[in-house]
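**Student:** Protein chains in written order, with the working numbering: chain G, 1 to 379; chain R, 1 to 379; chain B, 1 to 379; chain A, 1 to 379.
Quick caveat, the hints were computed from the structure, so don't treat them as lab data. Check each hint, because a few of them may be wrong.
Unchecked claim - DSS-like, lysine-lysine: derived pairs with alpha carbons at most 25 Å apart:
| no. | chain 1 | residue 1 | chain 2 | residue 2 |
| --- | --- | --- | --- | --- |
| 1 | R | K229 | A | K97 |
| 2 | B | K96 | G | K229 |
| 3 | A | K379 | B | K344 |
| 4 | G | K72 | G | K50 |
| 5 | G | K272 | G | K218 |
| 6 | A | K379 | B | K127 |
| 7 | R | K369 | R | K379 |
| 8 | G | K248 | G | K289 |
| 9 | A | K335 | B | K127 |
| 10 | A | K97 | A | K72 |
| 11 | R | K218 | G | K3 |
| 12 | G | K379 | R | K272 |
| 13 | A | K339 | A | K379 |
| 14 | B | K126 | B | K50 |
| 15 | A | K339 | B | K96 |
| 16 | R | K218 | R | K182 |
Now for the letters of each chain:
4 protein chains.
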Amino acid sequence: MSKIRLGILGGGGDSLIGVLHRVASNMYDRYEIVGGVFNPDYNQNIEFAKQIGVNTNRVYQDFESLIDEEIKKPLEERIEVVSVLTPNFLHFPMAKKLLENGFNVICEKPLTTSYEEAIELETLQKKNNTIFAVTYTYTGYPMVRHMKHMISEGELGEIHKVDIQYYQGWINPVIHDPELRKTVWRLDPKKAGISSCIGDIGTHAFQMAEYLTGKEVKSILSDLNTLYKDNTLDLDGTVLVRFKDNLKGVIRASQIATGEENNLSVAIYGGKGAYKWEQENPNFLYHLKDDEAMRVIKPGNTYVSEVAADGTKLPGGHPEGIFDAMGNIYKGVAKALRKETSFKGEFPTMRDGVRGMLFIEKVVESNQKGNIWLSMESK
Amino acid sequence: MSKIRLGILGGGGDSLIGVLHRVASNMYDRYEIVGGVFNPDYNQNIEFAKQIGVNTNRVYQDFESLIDEEIKKPLEERIEVVSVLTPNFLHFPMAKKLLENGFNVICEKPLTTSYEEAIELETLQKKNNTIFAVTYTYTGYPMVRHMKHMISEGELGEIHKVDIQYYQGWINPVIHDPELRKTVWRLDPKKAGISSCIGDIGTHAFQMAEYLTGKEVKSILSDLNTLYKDNTLDLDGTVLVRFKDNLKGVIRASQIATGEENNLSVAIYGGKGAYKWEQENPNFLYHLKDDEAMRVIKPGNTYVSEVAADGTKLPGGHPEGIFDAMGNIYKGVAKALRKETSFKGEFPTMRDGVRGMLFIEKVVESNQKGNIWLSMESK
Amino acid sequence: MSKIRLGILGGGGDSLIGVLHRVASNMYDRYEIVGGVFNPDYNQNIEFAKQIGVNTNRVYQDFESLIDEEIKKPLEERIEVVSVLTPNFLHFPMAKKLLENGFNVICEKPLTTSYEEAIELETLQKKNNTIFAVTYTYTGYPMVRHMKHMISEGELGEIHKVDIQYYQGWINPVIHDPELRKTVWRLDPKKAGISSCIGDIGTHAFQMAEYLTGKEVKSILSDLNTLYKDNTLDLDGTVLVRFKDNLKGVIRASQIATGEENNLSVAIYGGKGAYKWEQENPNFLYHLKDDEAMRVIKPGNTYVSEVAADGTKLPGGHPEGIFDAMGNIYKGVAKALRKETSFKGEFPTMRDGVRGMLFIEKVVESNQKGNIWLSMESK
Amino acid sequence: MSKIRLGILGGGGDSLIGVLHRVASNMYDRYEIVGGVFNPDYNQNIEFAKQIGVNTNRVYQDFESLIDEEIKKPLEERIEVVSVLTPNFLHFPMAKKLLENGFNVICEKPLTTSYEEAIELETLQKKNNTIFAVTYTYTGYPMVRHMKHMISEGELGEIHKVDIQYYQGWINPVIHDPELRKTVWRLDPKKAGISSCIGDIGTHAFQMAEYLTGKEVKSILSDLNTLYKDNTLDLDGTVLVRFKDNLKGVIRASQIATGEENNLSVAIYGGKGAYKWEQENPNFLYHLKDDEAMRVIKPGNTYVSEVAADGTKLPGGHPEGIFDAMGNIYKGVAKALRKETSFKGEFPTMRDGVRGMLFIEKVVESNQKGNIWLSMESK
């Protein structure tokens with residue numbers, strides 16, 4: 001099967017979100033990055049393309065050129081889908097022109113900077129019937145998918161309570177310093193829009209609530225905290241939410257939850273059971289029932305649903321992060337090959353392999369000889 | 001900087017180890033897969049190369065051809081490093097010829113099928129001074145590297161006790177069935193060599209012991225269990241180990257630890273402190289001290305060592321598995337683009353983005369108006 | 001020092017709350033139960049007194065008699081403090097008469113059935129200057145006291161966010177059965193008062209919020225859920241709370257959180273740090289800070305505050321529940337002494353002691369002889 | 001039913017073990033402490049008896065007098081069972097004389113100071129057919145009893161692997177100080193006998209192994225560590241154990257596991273499932289099975305076995321330690337009654353009760369009025 005031709009807007013240089021999308025697109029051998037505009041500066045753009053191995057012929061000056069040029073190419077060569085990884089205010093103009101020209105889009109969240117813009121994009125998308133994904137990344141965890149699937153299958157019965165928390169503490173050292181808090185873009189309404197905490201992480205919690213239950217929130221009541229008079233954007237808030245049918249919920253989000261790193265936690269309670277899940281421990285899903293012992297669901301096991309299995313690449317007990325562990329070993333080898341400074345132990349060496357073989361042989365021998373001590377001195 | 005030219009032996013088709021190495025090699029944009037022998041069958045080999053986007057000109061019939069042809073190319077084009085992902089018994093002949101011809105090698109563990117072979121490889125490598133990595137993957141976790149680094153810096157003081165466990169339960173349903181246990185290659189000495197449990201996972205535990213302490217085990221005493229008389233290979237074992245200077249340790253490994261998935265757990269106790277770590281929860285490292293509260297070390301924080309930071313791509317609280325979460329979203333989009341059957345909710349849609357924007361606006365409005373209920377009905 | 005003369009109202013028969021108060025009063029050898037009214041039925045009352053070893057001379061017909069008779073005794077013989085363990089509606093009349101007569105009181109929560117009654121008691125107590133405790137039991141945990149103390153010492157800096165959850169699921173199987181839900185006293189406004197969930201457990205969460213912060217809640221906004229139209233009392237609710245100075249909080253309580261047992265969880269975030277604690281794991285207190293590893297505080301260690309140390313009887317690592325473990329062994333012996341049916345293994349026997357001694361001797365011998373196998377056959 | 005007449009040898013003054021046994025004996029209202037020898041010094045002995053409310057008529061000079069005098073009393077008055085809480089070397093002479101005179105005994109562990117003594121006691125006990133308990137306290141936890149029961153019922157199938165760890169770190173700061181280590185009685189063979197670590201805690205691990213499996217260890221092989229040449233007693237050790245039928249196990253014990261408090265951890269693997277349990281988290285029992293999600297068993301639930309239920313006094317979610325929490329509140333009240341210095345917040349006051357009632361009323365009112373803010377100012 002041919003690979004999907006992917007274009008990328010943004011994500012150049014040291015951008016973490018760029019790394020994340022590139023690795024992700026590569027993970028199942030389904031995409032090929034064929035072009036993009038990685039950087040507003042054209043030279044840096046070209047430089048970066050070389051660095052990540054993208055043909056510079058399809059690296060463009062700006063997103064308008066990318067669209068204008070790609071549209072001229074025959075369908076079977078043209079970029080099929082474009083990932084939009086630029087600062088938030090650019091999502092709208094980029095996505096709009098892409099949709100107008102029939103491109104499929106993978107767009108970072110938040111979709112736009114206002115609801116009006118978002119609706120405009122949706123109208124366009126419906127008209128052109130393109131594929132449009134917004135990367136609420138947390139919905140990609142196998143255990144989140146398992147929850148959604150099982151809830152839709154009725155495993156929890158009727159849902160009666162939805163409780164989602166998204167607590168971070170990163171703004172704490174900033175907000176309490178009267179000078180420092182004036183300098184952070186997140187707290188500047190001109191750059192961050194009408195909200196800091198809810199706009200950045202509250203939306204993740206909200207999307208998770210609707211995603212998992214498959215139901216729409218009908219109304220909300222909120223209470224936000226800005227902490228200081230010279231700060232206008234929310235840093236913390238609680239939102240009461242109501243779905244239909246006496247289903248209530250609560251969303252709590254904070255950037256001043258001191259010491260919290262990225263604590264997105266989910267609890268969904270239904271008449272027949274409940275699920276609890278924490279993003280910082282994403283391979284553990286807790287299934288609660290009346291009068292039964294809590295079960296700890298983990299990916300890679302035969303008992304998980306097909307939708308979760310499809311998102312898991314390794315057997316049970318291998319956390320997804322093992323890919324990163326192997327990635328670090330490859331990085332260590334790369335440094336050695338390029339004679340860069342490397343840390344001691346960045347990759348296991350021949351010696352580790354040799355010692356391992358000696359270990360196996362001696363262990364078997366000790367056992368055979370009646371459990372005696374044997375030397376492990378190697379040649 | 002130019003990418004490193006990587007060749008791969010094995011890992012074709014549905015091979016999990018193949019996926020793992022390809023994703024890992026891609027993770028920091030440092031490698032390009034330029035050739036290989038992915039499959040013993042040449043047609044499947046070519047087919048697979050196309051599938052993963054490798055130029056078929058450098059896909060060879062067998063590893064001998066790969067070496068013979070690549071060696072003819074000028075150094076600046078030649079494959080620089082070869083990953084060996086084939087069945088264990090092929091590691092030795094492949095690595096040997098690669099080393100004889102000056103190639104750098106990344107080899108899956110176990111290095112060979114005997115200590116003699118391993119020593120032969122090491123002699124060759126020392127002579128040719130090539131880079132040779134054995135992929136004991138677990139050493140790549142940021143928290144494992146942090147442990148190693150801090151131990152070498154003396155943070156734990158003199159080490160007095162090393163306790164490593166590697167428990168799995170996968171062989172349990174096999175071993176208790178008299179017919180089934182005759183059919184598993186892992187239990188066939190002709191295919192698996194002299195050991196099952198120690199050879200497969202005990203070596204990981206052993207390597208971790210030497211890796212973390214920076215010390216060599218001087219002698220061992222083992223006690224193994226084969227459970228049934230018609231089974232000759234070990235399924236479970238305890239190995240007493242002695243390093244120098246009254247430093248003792250114990251390695252426990254099992255394939256009959258029913259219900260355990262991949263429970264590699266490490267505890268290193270020294271005069272000034274201790275570290276504990278579990279592979280299934282790889283982002284949490286426990287640092288114990290006399291008369292002080294235990295600390296929970298996590299990657300992505302300013303307080304971790306440089307060597308750990310170098311192996312972490314995202315801020316604190318984002319488990320490494322988040323790459324996989326994003327990978328799953330990309331996979332979902334790929335299915336949609338190729339009109340394959342997909343699960344409900346495989347990627348967040350435009351609607352999620354629209355609802356998110358509405359949520360932010362309504363939350364801010366409710367708060368401004370004195371915490372009143374507002375409708376979330378969207379256009 | 002003489003023991004405190006304690007009287008008890010209620011708590012007879014199989015009452016769990018009775019067991020709890022008796023064991024608690026005994027724990028530090030400070031109280032002696034000298035009288036009471038354990039049961040409304042006088043004969044059962046007397047019977048129960050005998051059973052728990054209380055002199056029947058001071059077992060009374062009703063609480064009025066207890067007060068009238070005890071008041072006649074000289075001060076150095078008189079009951080000093082009375083524990084009120086009766087159904088909620090009796091707390092008020094009992095406490096009132098006790099206060100009017102100068103008795104000190106330990107009263108189960110809720111204090112009364114209305115705020116008006118509570119204020120009346122408080123007025124009386126202030127006038128007579130007696131000691132009056134309301135047993136919000138969770139404030140007695142050493143780690144809760146440590147939190148309170150350290151917060152008052154300023155360890156967390158200015159508090160900015162208070163988040164308390166009290167989730168239970170016990171009413172779930174009841175509430176969804178249209179017949180069953182009519183029969184539970186908890187859901188009958190005549191018996192349970194104006195609230196089910198908030199009245200029973202929400203108050204614990206609220207008290208904890210004020211207890212830990214040392215601050216009063218200034219205003220609240222609530223949203224409750226009764227789930228069914230024929231049910232009038234709340235089963236679940238969220239309460240927004242405001243303290244002074246931009247300190248906001250949220251209290252969440254539920255009886256329909258399916259599968260939750262008694263999940264009281266606390267999070268207090270301040271400018272310099274945070275505390276998190278869960279009642280079902282009461283020996284573990286989590287201390288978070290910006291840019292430092294989370295610390296896990298446990299009782300019995302030298303680093304905990306004096307107030308926590310004072311509430312801990314054993315060295316670190318011995319959970320408070322170990323008293324119950326020992327209590328169960330004593331119970332097993334009692335059954336054996338009284339020739340009651342007992343479970344296998346209800347107490348360790350002589351044989352366990354003998355085997356233990358053999359184990360020690362053989363272990364030392366094996367080590368001395370160079371780590372050889374020795375038989376554990378005992379005489 | 002009459003209470004059992006209990007005598008106690010030792011446990012006076014500040015003895016922790018004394019507190020533990022007294023509270024435990026009181027927990028189910030089955031025992032009455034009627035006499036004893038709490039202290040070698042007679043005056044202190046009498047003083048202590050008064051303090052804990054024991055009639056001084058039956059407080060004796062020494063254990064011989066206790067036995068000689070009690071034996072003269074009629075059976076229905078005589079002490080029925082004696083708890084031996086004295087230093088280890090006194091266990092033997094005391095238990096011996098008690099057994100010779102037909103007393104039942106509850107004896108602290110270790111039973112004696114040698115296997116020979118232990119066997120002598122057992123012979124006596126068999127002859128006189130008395131009840132004799134050795135307080136291996138950890139067997140009293142409800143979840144330990146559940147394990148034992150379910151294993152004996154065959155829930156785990158045939159047991160194949162037993163792994164018990166008992167790690168402490170308390171001796172770490174002592175052992176590394178050349179002067180200090182000479183002063184600790186635990187390391188003096190004259191006082192501590194032939195073993196430190198194995199004798200003190202390894203025996204607990206061993207007893208747990210035989211207790212849970214219901215099988216006897218047939219042979220052992222040990223490896224101990226004394227760390228320093230001038231120290232002769234073991235501080236750390238690993239013991240390989242063999243039961244019958246290819247059932248092997250490993251016991252690990254340490255006093256130099258820096259930072260560990262009292263980490264007794266159990267893992268029992270069988271053909272059909274496994275149990276894991278940790279003493280520092282005694283209310284959580286982990287049940288593992290092939291291809292099923294791990295279950296977390298907790299006391300107080302309907303699904304636990306009768307033997308566990310019998311050892312649990314409160315509903316699910318109330319950790320056993322809640323008795324201690326209530327005990328601390330009673331202690332706080334006692335201090336107030338005796339005008340001793342107390343900590344702020346040692347017991348919840350009338351004010352807490354009043355505020356609680358206000359909270360309930362305001363919460364219900366806010367909800368009824370459409371979720372509006374209400375003041376919490378109290379009278």
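**Student:** Against this structure, judge whether each hint is valid.
**Tutor:** Status of each hint after checking the structure:
1. K229/R / K97/A: violated (51 Å)
2. K96/B / K229/G: Outside the cut-off at roughly 47 Å; violated.
3. K379/A / K344/B: With a Cα-Cα distance of about 58 Å, the restraint between K379/A and K344/B is violated, given a limit of 25 Å.
4. K72/G / K50/G: holds (24 Å)
5. K272/G / K218/G: holds (24 Å)
6. K379/A / K127/B: At roughly 15 Å apart (the allowed maximum being 25 Å), K127/B and K379/A satisfy the hint.
7. K369/R / K379/R: holds (22 Å)
8. K248/G / K289/G: The hint holds at about 20 Å.
9. K335/A / K127/B: Holds, at about 21 Å.
10. K97/A / K72/A: Roughly 15 Å separates the two Cα atoms, so the pair holds.
11. K218/R / K3/G: violated (52 Å)
12. K379/G / K272/R: Not OK: K379/G and K272/R at ~34 Å, beyond 25 Å, violated.
13. K339/A / K379/A: Violated. K339/A to K379/A sits at ~28 Å, over the 25 Å cutoff.
14. K126/B / K50/B: Between K126/B and K50/B the Cα gap is close to 36 Å, so the pair fails against 25 Å, i.e. violated.
15. K339/A / K96/B: Judged against 25 Å, a Cα distance of about 23 Å means the pair holds.
16. K218/R / K182/R: At roughly 36 Å apart (the allowed maximum being 25 Å), K182/R and K218/R break the hint.
In the structure shown, a violation is registered for the earlier hints numbered 1, 2, 3, 11, 12, 13, 14 and 16, in ascending order.
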